[in-house]
Amino acid sequence: MRAISERLAALAIRVRGGFADGLIAGARSLVGSGDQSSDLLDEQFLRRLERLSVAAQRSVKAGLIGEHRSVRKASSFEFADYRHYVPGDDFRRIDWNAFGRLEQLFLKLTEAKEDVGVHLLIDASRSMAWGRPPKLTYARQVAAALGYIGLSRYDTIIAAAITDHVQEFFSPVRGKSQALNFFRFLSGIRPVGRTHLQTAAQDYVQRISHRGVVLVISDLLAADGVTEGIDILVQRGLETAVIHLLDQEELDPRLAGDVELFDVETEERIELTLGPQSIRSYHERMAAWTADIEAFCARRGVKYLRMNTSLPFEGLTIQYFRQRRLVR
Amino acid sequence: MTFVSPLALFLLLAIPIIIIFYILRARYERIEVSSTLLWRNVIRDTEGKPTWRPPIRNILLLLQLLIAAVIAIAVARPAALGTAATHHVLILDASTSMQATDTVPTRFAEATRRVIEHIQAAPEGDSFSVLRAGATVELIESGQDRQQVIGGVSSLKPGVASSAVRSAMQIAGSLARERAGFRTIVTLFSDGAHEEQPGLEPGIEEFRHVAIGTATNNVAVVALQVRRIFDGSQRFQGFARVTNFGGELVHVPLRSMADGVPLESIAVRIGPRSSHDYVISLSPTVRLFEVILDAPDSLPLDNYAQAVVASEDLDVTVVSTSPPFVERGLGAIPNLRVSYIRPQQYRSEVVGAVTVFDGFLPRSRDVLPSGSILVMNPPVGTFAGFEIAEVTQPQQIVRFNARSDLLQSLDLAGVFLPRMVRVKPPAGTSPVVESRDQTLVWQGFDEGRKLIVLAFDPRQPEIGQRLAFPLLLSNALNWLAPNSGSQTMAPGQVYNIQPARTAVDVVVRDPTGKTYLFPVNAASRGRAIPFAETQTVGRYAIVQRSATATLSQIWFTVNAGDEVQSDIRPRQLPGATASQGALRLVDGVTWEFWPYLVVAALLLLVTEWFVYARR
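Chains as they are written, first to last, in the working numbering: chain A, 16 to 343; chain B, 279 to 893.
Any given hint could turn out to be false.
[To be verified] Here's a subset of chain A near chain B, in silico, CB distances under 10 angstroms, partners left out:
| # | residue |
| --- | --- |
| 1 | 141 |
| 2 | 181 |
| 3 | 182 |
| 4 | 183 |
| 5 | 184 |
| 6 | 202 |
| 7 | 236 |
| 8 | 278 |
| 9 | 280 |
| 10 | 283 |
| 11 | 286 |
| 12 | 287 |
[As the list claims (entries may be wrong)] To give an idea of the chain B side of the interface with chain A (calculated C-beta under 8 angstroms), a few residues:
| # | residue |
| --- | --- |
| 13 | 307 |
| 14 | 312 |
| 15 | 314 |
| 16 | 316 |
| 17 | 317 |
| 18 | 507 |
| 19 | 666 |
| 20 | 668 |
[What the hints assert, rightly or not] Have a look at the derived ranges for each label pair, beta carbon to beta carbon:
| # | chain 1 | residue 1 | chain 2 | residue 2 | range |
| --- | --- | --- | --- | --- | --- |
| 21 | B | 876 | A | 263 | 22 to 32 angstroms |
| 22 | A | 285 | B | 337 | 22 to 32 angstroms |
| 23 | A | 304 | B | 301 | 29 to 39 angstroms |
| 24 | B | 876 | A | 304 | 25 to 35 angstroms |
Since the hints were made in silico from the structure, they are not lab data.
Yeah, the Cβ is synthetic: ideal placement off N, Cα and C, and Gly gets one too.
Turn these sequences into a full structure, and let the hints guide you.
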C-alpha cells in the first residue's frame with residue numbers, strides 16, 4: 016500500500032510540477048524499490064542536487080561540447096580574460112573594442128566549454144549486501160545522487176556494477192531525461208561474487224572511450240587488487256575518486272567471546288576468542304588499513320572519502336562531498 | 279554429619295570436567311561478517327597460543343560448578359547423626375516351609391534367633407515392631423522396650439499356612455506412617471517361598487530380606503482326594519499326588535491306609551522337580567484314606583496326608599420347568615437327596631442346601647435361597663439382580679481355568695455352543711470358562727452364598743456329548759456343598775459349614791481338641807458358616823446339634839502339603855536388599871537433607887538458564 020501511495024504521490028507531483036518534478040518522484044520510487052529499503056532520494060534533496068555539478072579539477076579534452084569549463088584558454092565561446100598582445104599572436108583574437116577605448120592591443124581569452132564523463136563504478140560483491148542498512152543500498156544512493164548531478168549538468172554518465180569484472184554496464188547517457196533509466200540500472204544491481212578491483216578496472220577501461228571523473232564506490236574489502244585497480248584508472252587518465260563505504264559494525268564491532276566468523280563474500284570461516292584486547296587489535300588494524308588506502312590515494316592524487324553507511328544519507332552527505340571537493 | 283552413599287561423591291569429578299570444557303576452546307558462536315580480512319590480522323595476534331586458555335571469569339561457569347557440586351553431594355545423601363533414629367519393622371515368616379529342618383532345629387527357630395540378634399544389635403533409642411506373617415498377620419510386639427519385644431518373639435510358634443507377606447508389608451507401611459519422626463526399615467526373615475510377592479509401601483524407606491534356609495530336598499503329598507467311581511459299584515477311588523521339589527531323582531517309599539488298615543506299600547520313582555500320581559481303589563465303606571511317605575527330607579510335615587469320606591446325603595432342590603434332563607444328570611451322583619419343584623412353587627424356605635435353578639430365576643434378590651445356588655440357562659431379562667441378555671452369535675470355548683474344582687476331569691477345549699446368554703454376574707464371582715468375547719461359566723460368592731452360573735442350556739447336543747454334563751454337575755455340587763464328598767483342605771483355607779434346617783448350633787473340634795461353637799438362630803438359619811481356623815494340620819470334626827440331640831457328625835482334614843509351601847528352596851525377593859541383619863550403615867542417622875540440596879540444584883539450574891538467556 017505504501018509503494019502504491021508513493022507512486023500516486025509521484026504522479027501528482029508530475030502533474031503539478033511538470034516533467035522534472037515527476038521525473039524526480041519516479042526516479043525516487045524506482046531507486047527506493049530496488050531493495051525494499053526506505054526512500055533513498057528525498058525530493059528536496061534531488062532539487063538541491065540539480066544545483067550541483069561534479070567537480071573535475073583537471074582539464075579535460077573536449078569531446079561533445081558540454082557545460083564543463085576547460086582551463087585551457089582557447090578560441091571558444093565564452094570570455095575568460097585579457098592579456099597584452101605579443102607578436103605572433105592571432106590577430107583574430109584582438110579585442111578591437113578595447114583597442115578603441117584604451118588604444119592598446121589586448122587579446123580576448125575564452126574558455127572552451129567541454130563535456131566531462133562521469134564514471135560511476137559500484138561494488139556489487141556480496142560483502143556490499145552486509146550492514147544495517149546494506150552497504151549496497153547506500154552505494155546506490157551515492158551513485159544516484161552523483162549521477163543525477165551529472166545528468167542535471169548535461170554530463171555524460173557511464174556506470175558499471177563491478178565485482179572481479181564488470182557485472183553490469185550502463186552505456187553513456189546525457190541529460191535528465193535519462194535519469195529514470197539510470198536509476199533503473201542502479202535498482203537492478205544485485206550483490207554477487209567477490210571484489211577484485213584490479214581485474215574489474217581492467218575490464219572497465221577497455222569498455223570506455225570517455226575520459227573524465229571516475230567515482231569508485233566500494234567497501235574495498237578485498238585481499239588484493241585495490242591499489243592496482245586504482246592505478247589502472249589513474250593511468251587511463253581518469254580523474255579518480257574513491258568513496259569508501261563502511262558499516263558501523265565494521266568500524267566498531269561489538270563482538271565478544273568464542274566466535275566463528277563467517278565471511279559472507281569468500282565463505283571463509285575463522286574461529287577466535289574475542290576480548291577487549293582483540294577488539295583493540297582490530298581497531299588498530301582497521302585504522303592502519305584505511306590509513307594505507309588514504310595515503311595511497313593521496314600519492315596518486317586520488318580523492319578519498321570514507322563514509323559510515325549507518326549514518327543517514329541526507330544533506331550532510333552532499334556537504335561532505337563539497338568539503339572534499341567532489342561536487343561544487 | 280555423614281554420607282549414606284559416600285561413593286556418589288565421585289560425581290564431584292564433574293567439576294574438573296566442566297572446567298576442562300571451559301579451558302578447551304570448544305564452543306563457538308557463528309557470526310556472519312562482511313569480510314574476515316581484518317580479523318585475520320587479529321588472529322595473527324593470537325597464533326601460536328595453545329588450544330587451551332585459562333578459565334575466564336564467567337558467571338555461567340561458576341553456576342555450573344555449583345550445580346555439579348550440589349548434585350554430587352545430594353546423591354551422596356548427607357545426613358545428620360543423632361541418637362534415636364530407626365523404627366525396625368521385623369516380619370517373621372510363619373509359613374509351612376519355615377518348619378523345614380535344614381537349619382537346626384527349624385527355619386522358623388533360626389529366623390527367631392536372627393530377629394532377636396537384630397534387636398540386640400540395634401542402637402539405643404531405636405523402635406521395634408514385630409509381625410508374624412502366617413495365614414493372617416499378627417502384630418506381636420511394638421515399642422522401644424527391647425526385652426519386652428524379645429520376649430514376644432521368643433514365644434512365637436510356626437504355622438502351616440502360606441505366608442501373607444503382602445498384607446504384612448501393608449501393615450508395616452501403616453506402622454511406618456504412624457512414626458513420622460523415625461526412619462522405617464522393614465526386614466523380612468523368610469525363606470522367600472511365597473505365592474504373593476511383597477511390594478514396598480509408602481513410608482518404608484528400606485526393605486531388607488534376611489534369607490533363611492539352605493536346602494531344597496523335599497518330597498511332599500501335595501494333593502489327596504477320595505471320589506466316587508461312576509460305575510455303579512459304589513466304590514471309591516483314592517488319589518494322591520506326590521511331588522519331588524528337589525533337584526535330584528528320588529525313590530520314595532509310599533504307604534497307603536484305609537480306616538487305619540494298611541492297603542499298599544510301594545516305592546515310587548520321581549524325577550527332579552516332577553510329580554507322581556498315585557491312584558488306588560477303595561471300598562464303598564471307606565471313611566478315612568491316608569498316604570504316608572517314608573522319606574527323610576527337610577520338611578517331614580508334608581510327608582503325610584489324610585482324607586475323609588462324608589456319609590451324609592446332600593439336600594438338593596431343583597427348580598425347573600423341564601426336570602427330566604437334570605434328573606438324569608443327578609441320578610448318577612451318589613449321596614444326594616433331590617427334590618423337584620416347578621417355578622411357581624418356588625419359595626426360599628422350601629429349598630435344600632443347594633438349589634438348582636434351571637431356566638428360571640426369581641425376580642427379586644430377597645427371595646433367593648440362603649444356601650448355595652447353581653443357575654443353568656437363566657431367562658433373558660433382569661432377574662434377582664442379574665442382567666441377562668441374549669447372545670445371537672455361536673460361541674466356541676477358548677479359555678478356561680483348568681485349576682478350578684468345577685472342571686476336574688473335564689476337557690473343554692474347542693467345545694462349540696450354538697446358543698447362550700450374556701450374564702452380568704455379581705462382583706464376587708470370576709470367570710471359569712470363556713469364549714472369545716463371552717463368559718460361559720461363572721463361579722464365586724454372592725452375599726456369602728456359593729454361586730455357579732452356566733450361561734447356556736446344557737440340553738444342547740454339543741454339550742451333552744463333549745461337556746460330560748453329569749461330571750460337570752457332580753463337580754459343581756461338590757464345590758457348592760463342601761460338606762459332601764472328600765474333605766481335604768490346605769492350611770488356612772476357609773471351610774463353609776452348611777447348618778442343617780433343624781440345627782440350633784454347630785460345633786467344630788480341631789485336631790488339638792479345641793472346640794468352636796457357632797449358634798444357629800433365625801437370622802442366620804440357612805446361611806453357610808465360614809470356618810477359618812484351619813491352621814493346624816489334622817482332622818476336624820463338625821457336629822450339628824438340634825435342641826435335643828446330635829443331628830450329624832462329619833469330618834474334614836487339613837494337610838500340610840502344598841505346591842508353594844512344600845517348595846522349600848530359599849529365594850531372594852525382588853525389590854529387597856539382601857541383608858545378614860546388620861543395619862549399621864544407617865545406624866544413628868536422624869535426618870537426611872538431600873531433598874533441600876535437590877531444591878537448591880533446581881534453583882541454580884533456573885538461575886543458570888536465566889543468565890544464559892539474558893546474555
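Verification of the supplied hints:
Annotation: interface hint on residue 141 of chain A holds; nearest CB of chain B at approximately 8 angstroms, less than 10 angstroms. Against a cut-off of 10 angstroms between C-beta atoms, the interface hint on residue 181 of chain A is violated, since the closest Cβ of chain B lies about 22 angstroms away. For residue 182 of chain A, the shortest C-beta to C-beta distance to chain B is roughly 18 angstroms, which exceeds 10 angstroms, and the interface hint is violated. Residue-level restraint check for residue 183 of chain A is violated (minimum Cβ-Cβ distance to chain B is 21 angstroms; threshold 10 angstroms).
For residue 184 of chain A, the interface hint is violated, since its Cβ never comes within 10 angstroms of a Cβ in chain B; the closest pair sits about 25 angstroms apart. At a threshold of 10 angstroms, the smallest CB-CB gap from residue 202 of chain A to chain B is about 22 angstroms, leaving the interface hint violated. Evaluation of the residue 236 of chain A hint against chain B yields a held restraint, the C-beta minimum of about 4 angstroms falling below 10 angstroms. Because the closest C-beta pair between residue 278 of chain A and chain B is about 4 angstroms apart, less than 10 angstroms, the hint holds.
Taking 10 angstroms as the C-beta cut-off, the interface hint given for residue 280 of chain A holds, the closest approach to chain B being about 6 angstroms. A cut of 10 angstroms between beta carbons decides the hint on residue 283 of chain A: the least distance to chain B is about 5 angstroms, and the hint holds. Satisfaction of the interface hint for residue 286 of chain A is found here, the shortest Cβ-Cβ separation to chain B being roughly 5 angstroms, below the 10 angstroms cut-off. Interface hint status for residue 287 of chain A: upheld, as the beta-carbon distance to the closest one in chain B is roughly 6 angstroms, under 10 angstroms.
Interface hint at residue 307 of chain B: satisfied, since its Cβ lies 5 angstroms from the closest Cβ of chain A, which is below the 8 angstroms cut-off. For the restraint placing residue 312 of chain B at the interface with chain A, the shortest Cβ-Cβ distance is roughly 4 angstroms, inside the 8 angstroms limit, so the hint holds. Evaluation of the residue 314 of chain B hint against chain A yields a held restraint, the C-beta minimum of about 4 angstroms falling below 8 angstroms. Taken as an interface hint, residue 316 of chain B checks out: its beta carbon lies about 5 angstroms from the nearest beta carbon of chain A, inside 8 angstroms.
Hint status for residue 317 of chain B relative to chain A: holds, with the closest Cβ pair at about 5 angstroms, below 8 angstroms. For residue 507 of chain B, the shortest C-beta to C-beta distance to chain A is roughly 93 angstroms, which exceeds 8 angstroms, and the interface hint is violated. Interface hint status for residue 666 of chain B: violated, as the beta-carbon distance to the closest one in chain A is roughly 76 angstroms, over 8 angstroms. Hint on residue 668 of chain B is violated. Least Cβ distance to chain A is approximately 73 angstroms, over the 8 angstroms limit.
Remark: the range hint 22 to 32 angstroms for residue 876 of chain B to residue 263 of chain A is contradicted by a beta-carbon distance near 48 angstroms. One distance hint, 22 to 32 angstroms for the beta-carbon pair residue 285 of chain A and residue 337 of chain B, holds here, with the actual separation near 27 angstroms. Take residue 304 of chain A and residue 301 of chain B: their Cβ atoms lie about 33 angstroms apart, and the range 29 to 39 angstroms holds. A beta carbon spacing of about 56 angstroms between residue 876 of chain B and residue 304 of chain A contradicts the range 25 to 35 angstroms that was offered as a hint.
The structure fails to meet hints 2, 3, 4, 5, 6, 18, 19, 20, 21, 24 from the earlier list, while all remaining hints are met.
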